[in-house]
Structures are given as C-alpha cells and as structure tokens.
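Kindly produce the complete structure, drawing on both the sequences and the hints.
Add 6 to a position in the sequence shown, counting from 1, and you land on the number used in my numbering.
In case anyone wonders, no lab produced these hints; they're calculated from the structure.
A hint or two may mislead.
Here are the simulated lysine to aspartate or glutamate pairs, EDC-like style, with alpha carbons at most 16 Å apart [to be verified]:
(1) 136 with 147
(2) 142 with 87
(3) 203 with 44
(4) 243 with 42
(5) 237 with 201
(6) 210 with 222
(7) 216 with 109
(8) 261 with 42
(9) 136 with 111
(10) 89 with 141
(11) 261 with 251
(12) 216 with 108
(13) 203 with 234
(14) 219 with 111
(15) 203 with 42
(16) 206 with 229
(17) 46 with 201
(18) 206 with 222
(19) 210 with 112
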Amino acid sequence: MFFLHGGIGQMFKNLLSNLFDIIDKANYVLISSVYELEPKVIDALRVRLQIPVYTSGPNIPYSQNKPNPSLHEPAYLTWLDSKPPRTVLYVSLGSFLSVSSDEMDEIAAGLTQSGVNFLWVARGEISHFKEMCGEKGMVVEWCDQLRVLSHSSIGGFWTHCGWNSVKESLFSGVPMLTFPIIIDQPLNSKEIIEDWKIGKNMRKEAQVFKRDKIAEVIRVFMDSKSVERIKMMERAKKLQKVCQDSVVEGGSAYKDLDAFVKEIVKDQIK
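This is how it looks when you write it as structure tokens:
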C-alpha cells in the first residue's frame, strides 16, 4: 500500500494507526462517499464499528460549477473550448508527495509522443515542460479542476487518486488513468480499475512507466473507437448518475445526512 519509505512513510503509517484508535471512541462516523459506490466497505464498517456509519455523498460544489459571464475566462478554458468533445486528457498528479524531476520529464515526453491533446497541471519549472510538450498540450500551474473535469472536451483524467480528485472525476463522468502514490491512493486506484472498471494503471508498483509506455497507454485509453473505451465511458456515465442521484431527495446520501442530523439532535436533547 505504501510506496514511500523511511521517515515519511512511517509518519503516515503512524497517522493511520492513530486514526483507527480514535475511531473506536467515536459515537458516529460520517464518510465522504456514496453507498452505492462502496457498499461492501460501508457494510463492513457498520459491522466492525458497531456505531452508526453514514455517507455524506460526493460533497462536490456543483452549484458553483458554472461560468460567470462577468468574469474573464482563463486561457485554459478557452483552449478547451477549441477542442472536440472527449479528446483532451487532463493531467494532475497532486501537489504533495508527487514525482521526481526525471519522472516529470518522462511524463512530458510520453504525453507529447502520444499525440493526444492534454491539459497538464504541473508544479515547478513549467516553462521547461511547455517547451517539451509542444502544440498538443497546454501546461498550467493551477486550474479550477471541477470546471475542467466537467468540460465537454475532457475525455480522461490522469490522477494521483487522491479521494477528492476521484470523487470529482466520478461526479463528472470521466474515466481515469491512475497514478497512486501513498496512503489511500493505491486502494482508490484498485477501486477505479477493478471494481468500477473505469480506469487503467499508469505505474507499476513504485515505478513510473517510461515515455514510450506512457504514450502507448494514453493512445489506447483515449481511442474513441475502441470497444474497451466505449464501455469504460458508459460505466463512467452510470457512476456519474449514481453520484448525482445520491444527493437528491430520497437518495442514499440525502437520507443518511437526514438521519445523521436527527441522531445528533436527539443526543443533544438527552
């Protein structure tokens, strides 16, 4: 599960151990997820913990995910507007504990060799990556990720599998290339690939693929004519509806949050 070694890896192991100690003392657990996405996990937690376990839904600020005509649109959104539907790969590998400079060069070269349009949120010397990536890609230091994932031109998300990013991709109906690094990310990657079947792995254990392999995986993943790609998109759209339905009245997260609030109020009255 852990790809990091030494002091940092041990620090996170200790943190997780402490969290499990704390959770045994809790009166309730509220999980930022959707029951239909992880029914076995949530059912197992309910049996193991013997306290109420609720889901809060994807927790996505979708009501704010609309363009404001009074504001100037950033260049990356204008660039996305110029691309055909589902043809752009969005790449963001997190802002913490990411990859080395050599690995970043392999990623840049692989993206360029793939021939696929891409929007890449890169840290560090982005001028260097802009030179490497040429006309097919746009490299930025930051973007409004939810607006990008919701854009019609986006056909895939190369992600480090942080849970918030995974939820935003699910909510937007976008398949994923997984690049897990630490903590829950390898398990999230497993769910994406094996359980939901809406993704492919972009690394082998702790090693980043070399540029030729990166380019090959991207081309296959983004090939709109492949049967695998079509089925992956269909599953992603179904999961998008599951996420969206969970937060409307009568949905699983809606009912769980209602029960959670009532439970707290009841305990306060006692």
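Tested hints:
For the proposed pair residue 136 and residue 147, the alpha carbon gap of about 11 Å is at most 16 Å, so the pair holds. A distance of roughly 14 Å separates the Cα atoms of residue 142 and residue 87; the hinted pair therefore holds under the 16 Å criterion. Restraint check for residue 203 and residue 44: the C-alpha separation of about 13 Å stays at or below 16 Å, so the hint holds. Restraint check for residue 243 and residue 42: the C-alpha separation of about 14 Å stays at or below 16 Å, so the hint holds.
Of the supplied pair hints, the one linking residue 237 and residue 201 holds, its CA atoms being roughly 14 Å apart against a limit of 16 Å. With a C-alpha separation of about 15 Å, the suggested pairing of residue 210 with residue 222 holds against the 16 Å cut-off. Between residue 216 and residue 109, the direct Cα distance comes to roughly 8 Å. Compliance with the 16 Å bound is thereby established for this hinted pair. Restraint check for residue 261 and residue 42: the C-alpha separation of about 13 Å stays at or below 16 Å, so the hint holds.
At roughly 11 Å between alpha-carbon atoms, residue 136 and residue 111 fall within 16 Å of each other, so this suggested pair holds. Distance restraint check for residue 89 and residue 141: the Cα-Cα separation of roughly 13 Å lies within the 16 Å cut-off, and the hinted pair is therefore satisfied. Our distance criterion of 16 Å between C-alpha atoms is met by residue 261 and residue 251, whose separation comes to about 12 Å. Between residue 216 and residue 108 the alpha-carbon distance is near 10 Å, which keeps this suggested pair within the 16 Å criterion.
A threshold of 16 Å between alpha carbons decides the hint, and for residue 203 with residue 234 the separation of about 10 Å falls inside it, so the pair holds. With a CA separation close to 14 Å, the supplied pair residue 219 and residue 111 stays within the 16 Å bound. Between residue 203 and residue 42, the direct Cα distance comes to roughly 15 Å. Compliance with the 16 Å bound is thereby established for this hinted pair. For the given pair, residue 206 sits about 13 Å from residue 229 by alpha-carbon distance, which is consistent with the 16 Å threshold.
A threshold of 16 Å between alpha carbons decides the hint, and for residue 46 with residue 201 the separation of about 11 Å falls inside it, so the pair holds. Between residue 206 and residue 222 the alpha-carbon distance is near 12 Å, which keeps this suggested pair within the 16 Å criterion. Distance restraint check for residue 210 and residue 112: the Cα-Cα separation of roughly 14 Å lies within the 16 Å cut-off, and the hinted pair is therefore satisfied.
Comparing the model with each numbered hint stated earlier shows that all of them hold.
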